[in-house]
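Q: Spelled out from the first residue to the last, the chains are:
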Amino acid sequence: MTNISATTEFAPTVTAQRAEGDGHRRLLRERWAKLPYALGLTPFAAYVLLFLAIPTVVAVGTGFFDDSGEFTWNNLTGLAEPTILRAFGGSLVLSGVTALVGAVSGAILCFALIGSRPGGVIRSLVNSACSVLAQFGGVMLAFAFIATVGAQGLITVTLRQNFSINLYEHGAWLYTITGLMLPYLYFQIPLMVITFLPALDGLKPQWFEANATLGGGRWTYWLRLGGPILMPSFLGGLLLLFANAFSSFATAAALVGQANPIVALQIRQAMVSETVLGRANLAGAMALGMLVVMIIVMLGYSVLTSRTARWQR
Amino acid sequence: MRVRVGSVPRFGPGPVARTVIWIIFSIFFLVPILSMVEFTIRTAKAGSYSLDRWVSVAAGTSARQERLYDGLNNSIVLAIVTILLILVLLLPTMVVVELNFPRLRRVLEAMCLLPLMIPAIVMVVGLAPVYSSVSRIFGSGSWTLAFAYGITALPYAYRAIQSSLNSIDTVVLSETARSLGAGWWSVFMRVLVPNLRRGILAAIGLTAAVVFGEFTIASLLSRINLQTSILLVSQANPFAAVIFALLALALAFLLLFLVDRLLSGRRSGSSKG
Numbered sequence: 001m002t003n004i005s006a007t008t009e010f011a012p013t014v015t016a017q018r019a020e021g022d023g024h025r026r027l028l029r030e031r032w033a034k035l036p037y038a039l040g041l042t043p044f045a046a047y048v049l050l051f052l053a054i055p056t057v058v059a060v061g062t063g064f065f066d067d068s069g070e071f072t073w074n075n076l077t078g079l080a081e082p083t084i085l086r087a088f089g090g091s092l093v094l095s096g097v098t099a100l101v102g103a104v105s106g107a108i109l110c111f112a113l114i115g116s117r118p119g120g121v122i123r124s125l126v127n128s129a130c131s132v133l134a135q136f137g138g139v140m141l142a143f144a145f146i147a148t149v150g151a152q153g154l155i156t157v158t159l160r161q162n163f164s165i166n167l168y169e170h171g172a173w174l175y176t177i178t179g180l181m182l183p184y185l186y187f188q189i190p191l192m193v194i195t196f197l198p199a200l201d202g203l204k205p206q207w208f209e210a211n212a213t214l215g216g217g218r219w220t221y222w223l224r225l226g227g228p229i230l231m232p233s234f235l236g237g238l239l240l241l242f243a244n245a246f247s248s249f250a251t252a253a254a255l256v257g258q259a260n261p262i263v264a265l266q267i268r269q270a271m272v273s274e275t276v277l278g279r280a281n282l283a284g285a286m287a288l289g290m291l292v293v294m295i296i297v298m299l300g301y302s303v304l305t306s307r308t309a310r311w312q313r
Numbered sequence: 001m002r003v004r005v006g007s008v009p010r011f012g013p014g015p016v017a018r019t020v021i022w023i024i025f026s027i028f029f030l031v032p033i034l035s036m037v038e039f040t041i042r043t044a045k046a047g048s049y050s051l052d053r054w055v056s057v058a059a060g061t062s063a064r065q066e067r068l069y070d071g072l073n074n075s076i077v078l079a080i081v082t083i084l085l086i087l088v089l090l091l092p093t094m095v096v097v098e099l100n101f102p103r104l105r106r107v108l109e110a111m112c113l114l115p116l117m118i119p120a121i122v123m124v125v126g127l128a129p130v131y132s133s134v135s136r137i138f139g140s141g142s143w144t145l146a147f148a149y150g151i152t153a154l155p156y157a158y159r160a161i162q163s164s165l166n167s168i169d170t171v172v173l174s175e176t177a178r179s180l181g182a183g184w185w186s187v188f189m190r191v192l193v194p195n196l197r198r199g200i201l202a203a204i205g206l207t208a209a210v211v212f213g214e215f216t217i218a219s220l221l222s223r224i225n226l227q228t229s230i231l232l233v234s235q236a237n238p239f240a241a242v243i244f245a246l247l248a249l250a251l252a253f254l255l256l257f258l259v260d261r262l263l264s265g266r267r268s269g270s271s272k273g
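First to last, the sequence lines map onto chains P and S. Under the numbering used here, the first residue of the first sequence carries the number 1, and numbering increases by one thereafter. Under the numbering used here, the first residue of the second sequence carries the number 1, and numbering increases by one thereafter.
Be a bit skeptical, because a hint or two may be false.
Claimed, not checked - Examples of chain S residues lying across from chain P (beta carbon under 7 Å, computed):
hint, residue
1, Ile21
2, Ala110
3, Ile118
4, Ile121
5, Arg261
As the list claims (entries may be wrong) - Quick list of simulated restraints, FRET-style, between CB atoms:
hint, chain 1, residue 1, chain 2, residue 2, range
6, P, Val93, S, Leu34, 21 to 31 Å
7, S, Ser140, P, Gln161, 44 to 54 Å
8, P, Thr176, S, Leu201, 35 to 45 Å
9, P, Gly89, S, Phe28, 25 to 35 Å
10, S, Asn195, P, Ile295, 32 to 42 Å
11, S, Arg103, P, Gly89, 34 to 44 Å
Derived by calculation from the structure, the hints in this document are not laboratory data. Even for Gly, the Cβ is constructed at its ideal location relative to N, Cα and C.
Given only the sequences and the hints, what does the whole structure look like? Please build it.
A: Given below as structure tokens:
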């Protein structure tokens with residue numbers, strides 16, 4: 001672009017070509033300059049490919065093959081077995097109920113925290129307690145509940161001796177789906193608190209004042225302002241809780257002995273059992289089933305939030 | 001400021017409702033922990049208690065205790081390797097995407113949050129064959145499990161670091177530094193990392209919490225970590241297992257609380273200054 005007026009006749013086309021060439025070259029140069037950065041992305045991409053993409057594909061893929069490596073639909077039809085269908089039903093009920101109850105209770109707990117200052121001691125206490133308890137699933141949690149409401153647990157014994165109430169009148173409920181709900185809530189509620197509390201902190205006091213100026217009360221505020229604003233975060237928390245309970249394995253594994261009332265335990269059974277042939281591939285089919293459930297839940301979530309998200313942007 | 005103090009508590013619950021909520025939740029969360037404590041001090045005679053089991057754990061003479069130490073050791077090594085993986089692989093990638101490929105931000109987010117949606121038990125089905133090749137390359141040391149844990153910790157670490165990234169102006173910071181002659185490496189290490197300190201610390205804490213609580217993958221790949229060793233020991237010596245569980249819980253809580261206090265102290269200090 002230096003000597004535009006050198007040859008007047010050709011000038012327009014030449015400059016145009018030159019500018020175009022320059023533009024291309026600049027674009028190319030920019031692309032080349034970005035190349036090292038693009039290369040910088042490859043280690044992470046390779047890592048995710050190796051340890052997330054490949055395992056998932058392999059897990060789902062094994063569901064379509066039999067022991068000799070032949071393609072088959074048999075594993076998928078095996079999903080229709082009554083025990084496996086019951087396990088899927090159990091998992092759905094357990095995850096759905098604990099997600100809903102956990103999300104509502106967690107939100108109530110956050111609500112009680114509104115007055116406290118972010119960064120204060122109470123917040124630190126709640127934050128760290130919730131972070132620990134949200135990861136508290138598994139063996140230790142199973143112990144805690146056996147020690148509390150197990151056959152010889154503190155509450156069970158106290159109720160039996162002092163109030164002659166027998167918690168086990170209707171059988172060993174702690175080791176069933178209903179019984180699993182209690183320990184599950186023990187990690188679901190804290191998880192909801194850590195995910196939902198930041199959203200609640202995002203509510204500006206000015207909005208409440210604006211609402212009051214316009215003559216609105218507390219109910220108007222929560223119904224017309226706070227509720228709708230918090231809805232996407234609440235639904236997001238609900239989804240996270242569902243996924244968390246649905247994929248949870250350790251607590252049930254430690255509490256429930258031989259019966260396998262949820263899918264995760266059925267998968268373990270299929271993976272570990274070497275007596276029944278062809279079971280390992282059934283694990284793949286069940287893995288596919290779990291993923292399908294997760295995808296459906298995700299789609300439902302995006303449909304629910306797309307409406308609220310539209311006016312928030 | 002006066003307006004704020006006056007109005008904030010008003011749209012929250014009243015004092016009575018607040019107290020009721022607190023009492024109910026305190027009971028729900030504290031009773032199981034107290035029951036665990038009560039369980040460890042029980043004696044053969046109903047109604048009488050002793051601290052013998054705690055003493056023998058403290059003295060290191062409790063049955064099967066060395067197995068718990070094996071599990072604890074493995075989990076510590078796993079936590080360190082997983083944190084390194086997150087810091088070496090995830091953190092620079094997030095910075096590069098933020099600075100050079102803003103269009104890939106959504107892709108990266110989706111990639112990092114995906115493990116939340118893929119149950120660990122599903123991953124295990126596919127990880128078993130992957131690990132048979134991993135152990136051919138890296139041997140079968142227990143630390144290799146960190147590759148899988150890096151994935152399970154990914155969503156938590158990502159969200160912690162991303163919220164820090166969102167709170168600073170990365171592009172302006174790095175361009176200022178570059179115009180002063182800093183190379184990529186010093187922009188990263190001397191400008192961005194110190195500014196992302198909070199997010200990075202939170203990511204480290206959460207990653208450690210995930211690793212110490214992990215059971216599914218270790219159990220099904222027959223590896224020994226803290227959780228699987230606690231389950232193993234609980235069959236022979238449930239009291240030592242519960243004592244260890246309580247200690248782990250208390251330790252994790254204290255650690256997170258201290259980090260949180262440290263960070264919030266800094267935060268309020270810097271926002272005033």
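Q: Against each hint, give a clear statement of whether it holds in the structure.
A: The hints, checked one at a time:
no.	hint	result
1	Ile21	holds, 4 Å
2	Ala110	violated, 11 Å
3	Ile118	holds, 6 Å
4	Ile121	holds, 5 Å
5	Arg261	holds, 5 Å
6	P:Val93 / S:Leu34: 21 to 31 Å	holds, 30 Å
7	S:Ser140 / P:Gln161: 44 to 54 Å	holds, 51 Å
8	P:Thr176 / S:Leu201: 35 to 45 Å	holds, 41 Å
9	P:Gly89 / S:Phe28: 25 to 35 Å	holds, 27 Å
10	S:Asn195 / P:Ile295: 32 to 42 Å	holds, 37 Å
11	S:Arg103 / P:Gly89: 34 to 44 Å	holds, 42 Å
Of the hints listed earlier, the one the structure fails to meet is number 2.
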